Amino acid sequence: MVDFQSKLKEALENISSKKPLIFSITNYVSILDVAQGIRDCGALPVMWYEQDVAEQLAGIASALYLNMGTLSKESYKTMVASGRIAKRRGIPIVVDIVAAGATELTTNNSKKLLEDIKVDIVKGNKGEVSTICGGKAEVRGVEAMSHQDNLLELMKDYSKEHETVLVASGAVDYVTDGRKSYLVKNGSPEMGLIVGSGCVSSAIVAAFSAVQRDYGLASALAMSYFGIAGEIASRVSKLTGTFKCNFSDSLFSLAQKRDVDGVRIDER
Amino acid sequence: MVDFQSKLKEALENISSKKPLIFSITNYVSILDVAQGIRDCGALPVMWYEQDVAEQLAGIASALYLNMGTLSKESYKTMVASGRIAKRRGIPIVVDIVAAGATELTTNNSKKLLEDIKVDIVKGNKGEVSTICGGKAEVRGVEAMSHQDNLLELMKDYSKEHETVLVASGAVDYVTDGRKSYLVKNGSPEMGLIVGSGCVSSAIVAAFSAVQRDYGLASALAMSYFGIAGEIASRVSKLTGTFKCNFSDSLFSLAQKRDVDGVRIDER
Amino acid sequence: MVDFQSKLKEALENISSKKPLIFSITNYVSILDVAQGIRDCGALPVMWYEQDVAEQLAGIASALYLNMGTLSKESYKTMVASGRIAKRRGIPIVVDIVAAGATELTTNNSKKLLEDIKVDIVKGNKGEVSTICGGKAEVRGVEAMSHQDNLLELMKDYSKEHETVLVASGAVDYVTDGRKSYLVKNGSPEMGLIVGSGCVSSAIVAAFSAVQRDYGLASALAMSYFGIAGEIASRVSKLTGTFKCNFSDSLFSLAQKRDVDGVRIDER
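Chains as they are written, first to last, in this note's numbering: chain Z, 1 to 268; chain G, 1 to 268; chain A, 1 to 268.
The shape of chain Z in the complex, shown without the other chains (with noise of 0.2 Å):
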């Protein structure tokens, strides 16, 4: 069985060693929580939009992220030329597949960006996974309301099919790369209630990635990374405004610290 806590310490110290630069073309809503939480993990951030600059981002960036929210037709562009490059230089690539199942074109805008990139990490809220994989869900604006029953297999499914890894975000996350799966069990019902931390916890996975080549446990080590800063938060305050900022806290202590108790992973 895997030693998810020393595997967790592993990159935790490998992303404060290196600094791994992580390329981000993300939205506008959360876009500087995106660059806070890169940083509070021990990585470095930048985010651009235009395409010649993002070429040469994509270009010596350790990780590329790319999140679907707010996307236009020419973010989309310099996503799959940045992805391209990516793909190239053999860095990992993470997409966030922000409102997909909410309306038809932020379904179909996700499903064309993964038929245009070959990507290494799919993630999304339960409702937007099960989109992406064929099943039932609704989706209202970012948000999941419901999904299909039996996601894990079908999320295990779409992995093989496409080999990609896929992570469902929710009370309990659900990672796969089609053989491997994780059931991450951390996490505070509060991380729910702040805009974009589905967002941060990509941007997280992300910086994993860019230190742990075995992108499905990368994906279920951020996660688990992530959901125990949100428990230490959540003891602190329940109070969205409060919790936010000892959220961010909690990220950056745990970074420094390494050594996380508290990691629940299961794997299947």
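Please note: incorrect hints may appear among the correct ones.
When chains are identical, the list treats them as one kind, so a pair holds in a single copy or across two.
[Stated by the list, open to error] Quick list of in silico lysine to aspartate or glutamate cross-link-like pairs, DMTMM-like style, CA-CA up to 25 Å: (1) LYS18 x ASP259; (2) LYS18 x GLU104; (3) LYS18 x ASP149; (4) LYS136 x ASP52; (5) LYS73 x ASP149; (6) LYS18 x ASP3; (7) LYS19 x GLU104; (8) LYS77 x GLU55; (9) LYS112 x GLU267; (10) LYS185 x GLU231; (11) LYS238 x ASP261; (12) LYS87 x GLU55; (13) LYS112 x ASP52; (14) LYS73 x ASP52; (15) LYS18 x GLU138; (16) LYS136 x GLU55; (17) LYS180 x ASP149; (18) LYS112 x GLU55; (19) LYS73 x GLU55; (20) LYS160 x ASP116; (21) LYS9 x GLU115; (22) LYS111 x GLU143; (23) LYS77 x ASP52; (24) LYS19 x GLU138; (25) LYS77 x GLU50.
By construction, these hints were calculated from the structure, which means they are not laboratory data.
Every value quoted in this text rests on a predicted model; they were computed, and no experiment measured them.
Keeping the supplied structure of chain Z fixed, place chains G and A upon it in accordance with the hints.
Frame of chain Z; chains G and A shown alone:
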């Protein structure tokens, strides 16, 4: 006389149970706070700029919120297209006329939008609203430096003529639908020190209008709720960083509590 | 010798009484923090991207702040057009050369802007400034990893040749107008952990330059004020979320207080 406390309770209960989707086309400055404010009061936020996606979101949202800050020619088009769909569906449209009065163009853009779409609620600070109503005002950037003396009377005339609710925020907020008017006396001076707090309150007005079809009343209740949250936060700290953090806490906890003391609305 | 504490008091008093409008064309990442920083020090922020509105705002502002982060071809044009109006009106122009040194394009874009507009104050971290001055540097994304050894000398030469003030932020900030130089020794290590703190300090430099026409002195005072706020926040918490919250508190309360102890500026 209206029992405003009961009406506020009812509105917060309905927001909580219906979780209305509030679609915002808003400025880049306060976009995250706008989304979090919507979330804190119990509604669900979604924001987008690209016209095709925006039209689909306007087609499923329960209210449309348009904010004139950092407006571009493209976002203007998206606003008009989304506004037409919202109008056809009969969902409320709230416009925050950010920076009206600051420059000729920002004034004209707000005026033009209000001609191009029939809006349900127009909101701004007293300088911005004074400007739109044809009164005297000094607006420096997004800040009201001065406004017309008899502003409420001016607002009533505008309201009747344009069949829209008008909301002017300030130490005392003015709300009128042309027939009924409300003076909302809740609030704290610190609110004016937080960049984007006006944008957030407009978003909360939009959330309330999604569940209370008397838009004048909805606006007054939203402004009172927002002001009470500010009063509570102000008791904890009068410094901007901590105040803002507690402000989000208060918006959230009042929405959980629902039966909110301290409503100070005078009906005229 | 200059009594820096008195000069800082004078600057904060003038900002408070004149409430200068600072017009920023800045990146999407830290735009809210930039606006709040301007507000916290007592000035008034406004941000825009569309060229026609930007030109009108440059026509009424007391300082223009251009930040190269997330630059697009459109925002570049807006910067140049706004810069020309600012120049004609004689208001100070501050440029933050974000990401100069990170890629060929980000370096060239900063260099080109400094050719296209005659700027009053150029600011960056030591890697970015080293890059612009033709020195050696490693800039990873927006982070200075290393810089030229004799940076201050290099800066003086650049300053004289280009007739501009140069500010390089770091553990000790370097400020020079080519003739007079300042070492600003205020600050705390946590400031570097907050994404966008450099962008905020540049905005505060812009606010100070609106009331102190010795731009070298204005920059040194602004950086000292910013650093002292960081020192105070650091005494409360060394964790990113809480530190950032207290940082805003300190910027605000120092600006209220005006007579600020602990200024550590060495004139050279």
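Comparing the hints with the structure gives:
1. LYS18 x ASP259: within (18 Å within a copy, 43 Å between copies)
2. LYS18 x GLU104: between (41 Å within a copy, 22 Å between copies)
3. LYS18 x ASP149: between (40 Å within a copy, 23 Å between copies)
4. LYS136 x ASP52: For LYS136 and ASP52, the Cα distance is within 25 Å only across copies (24 Å; inside one copy 39 Å).
5. LYS73 x ASP149: neither (34 Å within a copy, 44 Å between copies)
6. LYS18 x ASP3: within (22 Å within a copy, 44 Å between copies)
7. LYS19 x GLU104: between (39 Å within a copy, 21 Å between copies)
8. LYS77 x GLU55: Both. Shortest intra-copy (11 Å) and inter-copy (21 Å) distances satisfy the 25 Å Cα cut-off.
9. LYS112 x GLU267: neither (31 Å within a copy, 54 Å between copies)
10. LYS185 x GLU231: within (11 Å within a copy, 38 Å between copies)
11. LYS238 x ASP261: Answer is both; intra-copy 21 Å and inter-copy 21 Å each pass.
12. LYS87 x GLU55: within (12 Å within a copy, 33 Å between copies)
13. LYS112 x ASP52: For LYS112 and ASP52, both the intra-copy (22 Å) and inter-copy (16 Å) Cα distances are at most 25 Å.
14. LYS73 x ASP52: both (15 Å within a copy, 10 Å between copies)
15. LYS18 x GLU138: between (40 Å within a copy, 14 Å between copies)
16. LYS136 x GLU55: So LYS136 and GLU55 pass the 25 Å test across copies only (23 Å; inside, 36 Å).
17. LYS180 x ASP149: For LYS180 and ASP149, the Cα distance is within 25 Å only inside one copy (20 Å; across copies 50 Å).
18. LYS112 x GLU55: both (20 Å within a copy, 20 Å between copies)
19. LYS73 x GLU55: Classified as both; 16 Å inside a copy, 15 Å across copies.
20. LYS160 x ASP116: within (18 Å within a copy, 51 Å between copies)
21. LYS9 x GLU115: Neither: 35 Å inside a chain and 48 Å across chains, both beyond 25 Å.
22. LYS111 x GLU143: Answer is within: at 18 Å inside a copy they meet the 25 Å cutoff, but 34 Å across does not.
23. LYS77 x ASP52: both (11 Å within a copy, 16 Å between copies)
24. LYS19 x GLU138: Classified as between: cross-chain Cα gap 13 Å, same-chain 38 Å, threshold 25 Å.
25. LYS77 x GLU50: For LYS77 and GLU50, the Cα distance is within 25 Å both inside one copy (10 Å) and across copies (14 Å).
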